[in-house]
Each structure stands twice: as structure tokens, then as C-alpha cells.
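Trainee: The primary structure of each chain is shown beneath.
Number of protein chains: 2
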Amino acid sequence: MTPTHPDDAEQGSAFQPKFDANGLLTAVVVDPDGRPLMLAHMNREAIDMTLATGEATFWSRSRGKIWKKGETSGHVLRVREIRVDCDQDALWIVADPAGPACHTGAPGCFYRRLEDGALVRI
Amino acid sequence: MTPTHPDDAEQGSAFQPKFDANGLLTAVVVDPDGRPLMLAHMNREAIDMTLATGEATFWSRSRGKIWKKGETSGHVLRVREIRVDCDQDALWIVADPAGPACHTGAPGCFYRRLEDGALVRI
Numbered sequence: 080m081t082p083t084h085p086d087d088a089e090q091g092s093a094f095q096p097k098f099d100a101n102g103l104l105t106a107v108v109v110d111p112d113g114r115p116l117m118l119a120h121m122n123r124e125a126i127d128m129t130l131a132t133g134e135a136t137f138w139s140r141s142r143g144k145i146w147k148k149g150e151t152s153g154h155v156l157r158v159r160e161i162r163v164d165c166d167q168d169a170l171w172i173v174a175d176p177a178g179p180a181c182h183t184g185a186p187g188c189f190y191r192r193l194e195d196g197a198l199v200r201i
Numbered sequence: 080m081t082p083t084h085p086d087d088a089e090q091g092s093a094f095q096p097k098f099d100a101n102g103l104l105t106a107v108v109v110d111p112d113g114r115p116l117m118l119a120h121m122n123r124e125a126i127d128m129t130l131a132t133g134e135a136t137f138w139s140r141s142r143g144k145i146w147k148k149g150e151t152s153g154h155v156l157r158v159r160e161i162r163v164d165c166d167q168d169a170l171w172i173v174a175d176p177a178g179p180a181c182h183t184g185a186p187g188c189f190y191r192r193l194e195d196g197a198l199v200r201i
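If you read the protein sequences in the order shown, they are chains A and B. According to our numbering, the residues represented by the first sequence are 80 to 201, in order. According to our numbering, the residues represented by the second sequence are 80 to 201, in order.
These are computed hints drawn from the structure, not numbers from a lab. A few of these clues could be false.
Where chains are identical, the list cannot tell them apart; a pair therefore holds if satisfied intra-copy or between any two copies.
What the hints assert, rightly or not - Here are the simulated lysine to aspartate or glutamate pairs, EDC-like style, with alpha carbons at most 20 Å apart:
{"id": "1", "residue 1": "Lys97", "residue 2": "Asp112"}
{"id": "2", "residue 1": "Lys144", "residue 2": "Glu124"}
{"id": "3", "residue 1": "Lys97", "residue 2": "Glu124"}
{"id": "4", "residue 1": "Lys144", "residue 2": "Asp99"}
{"id": "5", "residue 1": "Lys144", "residue 2": "Asp166"}
{"id": "6", "residue 1": "Lys147", "residue 2": "Asp86"}
{"id": "7", "residue 1": "Lys97", "residue 2": "Asp195"}
{"id": "8", "residue 1": "Lys144", "residue 2": "Glu89"}
{"id": "9", "residue 1": "Lys147", "residue 2": "Glu124"}
{"id": "10", "residue 1": "Lys144", "residue 2": "Glu160"}
{"id": "11", "residue 1": "Lys144", "residue 2": "Asp87"}
{"id": "12", "residue 1": "Lys97", "residue 2": "Glu194"}
{"id": "13", "residue 1": "Lys147", "residue 2": "Asp112"}
Could you build all of it, start to finish, from the sequences and the hints given here?
Mentor: Laid out in C-alpha cells, this is it:
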């Protein structure tokens, strides 16, 4: 059996985030019980800030700038764990939310379920 | 209090998926216990096929074609629930996996955790 090279993107130990053409990857945030909080995007700077501060920071595609979640609302996301997927183009972040994670005031953004073609509030 | 219009994207009951410039949105798939399985993309056709068949179908960005998960491996994802986020550009899918959801053979794609700058297998 050939040992896995640490730089192998899928099996190795090197963190080599794979950004898309816009320099972004997808980040999913769930609470410690696995409930979905939000989905957003990160560039290299957002990842570095998240790691440095322990609070989730994203790249706002609509505003075209770095956006620390909770910077105005105070509803920061304190990061407990960061996982990466096989090809390293998505992150799975477990975080403690300091308040509602959705800008609508809902605990998380996925508050509606599709039922027979229509959305039903959960 | 003004009643919410059913077409209101954030609060209404109309399913109006918001696709990006490439006609795609992000779909996160978890198992019924909330464990992450995979993250992929869907276009309108993939959503329609998923709803029609009850098995998760995506758009493969690398191959540029519709891709039913498990079409070759048999490891289909039987959909239990589909949720949509506030601005309807992401789906949260709860599914029963018929086998490992990751092409590497892992149960899910997020099998490594970032610890002190390196990836550690969970």
C-alpha cells in the first residue's frame, strides 16, 4: 500500500482550499446540534479572518466586501469546528450562534420546507 | 399588520428558486440525523428530476451535465425533505443514503477537520 502524500487534496493533511473563478468557496454553518444556520461564501481573507478571530467571516457577493457575521447585529457565530470536503471547495462549520443567524430574525435561514410545490414554514 | 404576499421570496409560500449566472443553486445534503453527506449544485432540470423521482439529482459542473447521484454506484440519495433558505438560492436536503455518499468511499464528503492548520481525519 502506497502511503498517502500529505499534499493529496482528497486524502492528505494539507489544507489547500480550492476557490472558484471568483476566488470563493462555499461555507455551510450549522449549530452544535447540527441544525442548519446559514450558507455563505468565503475567500482566502475570510478564511484567514475566521481562523484568526474564531468568529465566522464571509465574503458578501452582493456588497462585494468582507463581511463579519454579526458585525452590526451582534449575532456573531463562534466557531467550534471547521471541516473540509473531499475536493476542498466547501467548508462545514459548526458554530455557536450569539443570536438569530438569519437576517429575517429566524434562528437559521432554512425555515421553510417544500411540500407539494409550495413552501411551508417549519 | 400587512399580510405577507405568497410571492414574497423571503416570507411567502411560492417556491421561486434563485439561480446564479450559470443557472445553478447550491444544494446541501444531510442524512436524517443531520450528518453532512455532500454539497453539490442543481439547475432547474435537476430540481425537477429530484422532485419527480424522489432521488437527488444534480448538475455536474465538471462534466457539464445532469448527474443523478448513484447512477453508476447505486448509492442514491432518497429524499425525505427539502428546505429552502431565505433568499431561495440554496436548498437543504434531508436524505437516506443507499451507500457512501462520497466518491472516496467515505459516508460523507466532510471527513476531515481543520486542526492547527492541518487536516485530521475524523
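Trainee: Look at each hint and say if it fits the structure.
Mentor: Cross-check of the supplied hints:
Neither within a single protomer nor between protomers do lysine 97 and aspartate 112 lie at most 20 Å apart by alpha-carbon distance, with minima of 27 Å and 28 Å respectively. Proximity of lysine 144 and glutamate 124 under a CA criterion of 20 Å is satisfied intra-copy only: 10 Å inside one chain copy versus 32 Å between copies. Taking identical chains as interchangeable, the C-alpha atoms of lysine 97 and glutamate 124 lie at most 20 Å apart only when both belong to the same chain, with a minimum of 13 Å there against 27 Å between chains. Taking the shortest Cα distances, lysine 144 and aspartate 99 sit within 20 Å of each other both inside one copy (17 Å) and across copies (18 Å).
Taking the closest pair of Cα atoms, lysine 144 and aspartate 166 come within 20 Å of each other only across two copies (19 Å); inside a single copy the shortest separation is 25 Å, beyond that limit. Taking the closest pair of Cα atoms, lysine 147 and aspartate 86 never come within 20 Å of each other, the shortest separation being 30 Å inside a single copy and 30 Å across copies. Taking the shortest Cα distances, lysine 97 and aspartate 195 sit within 20 Å of each other only across copies (19 Å), while inside one copy they are farther apart (37 Å). In this homomeric assembly, lysine 144 and glutamate 89 never come within 20 Å of each other (Cα to Cα): the closest approach is 30 Å inside a single copy and 23 Å across copies.
Taking the closest pair of Cα atoms, lysine 147 and glutamate 124 come within 20 Å of each other only inside a single copy of the chain (11 Å); across copies the shortest separation is 35 Å, beyond that limit. In the homo-oligomer, the alpha carbons of lysine 144 and glutamate 160 never lie at most 20 Å apart, since the shortest distance is 24 Å inside one protomer and 34 Å across protomers. Within a single copy, lysine 144 and aspartate 87 get their C-alpha atoms no closer than 31 Å, and across copies no closer than 27 Å, so neither meets the 20 Å cut-off. Proximity of lysine 97 to glutamate 194 under the C-alpha cut-off of 20 Å is restricted to the inter-copy arrangement: shortest distance 18 Å between copies versus 35 Å within a copy.
In this homomeric assembly, lysine 147 and aspartate 112 never come within 20 Å of each other (Cα to Cα): the closest approach is 23 Å inside a single copy and 29 Å across copies.
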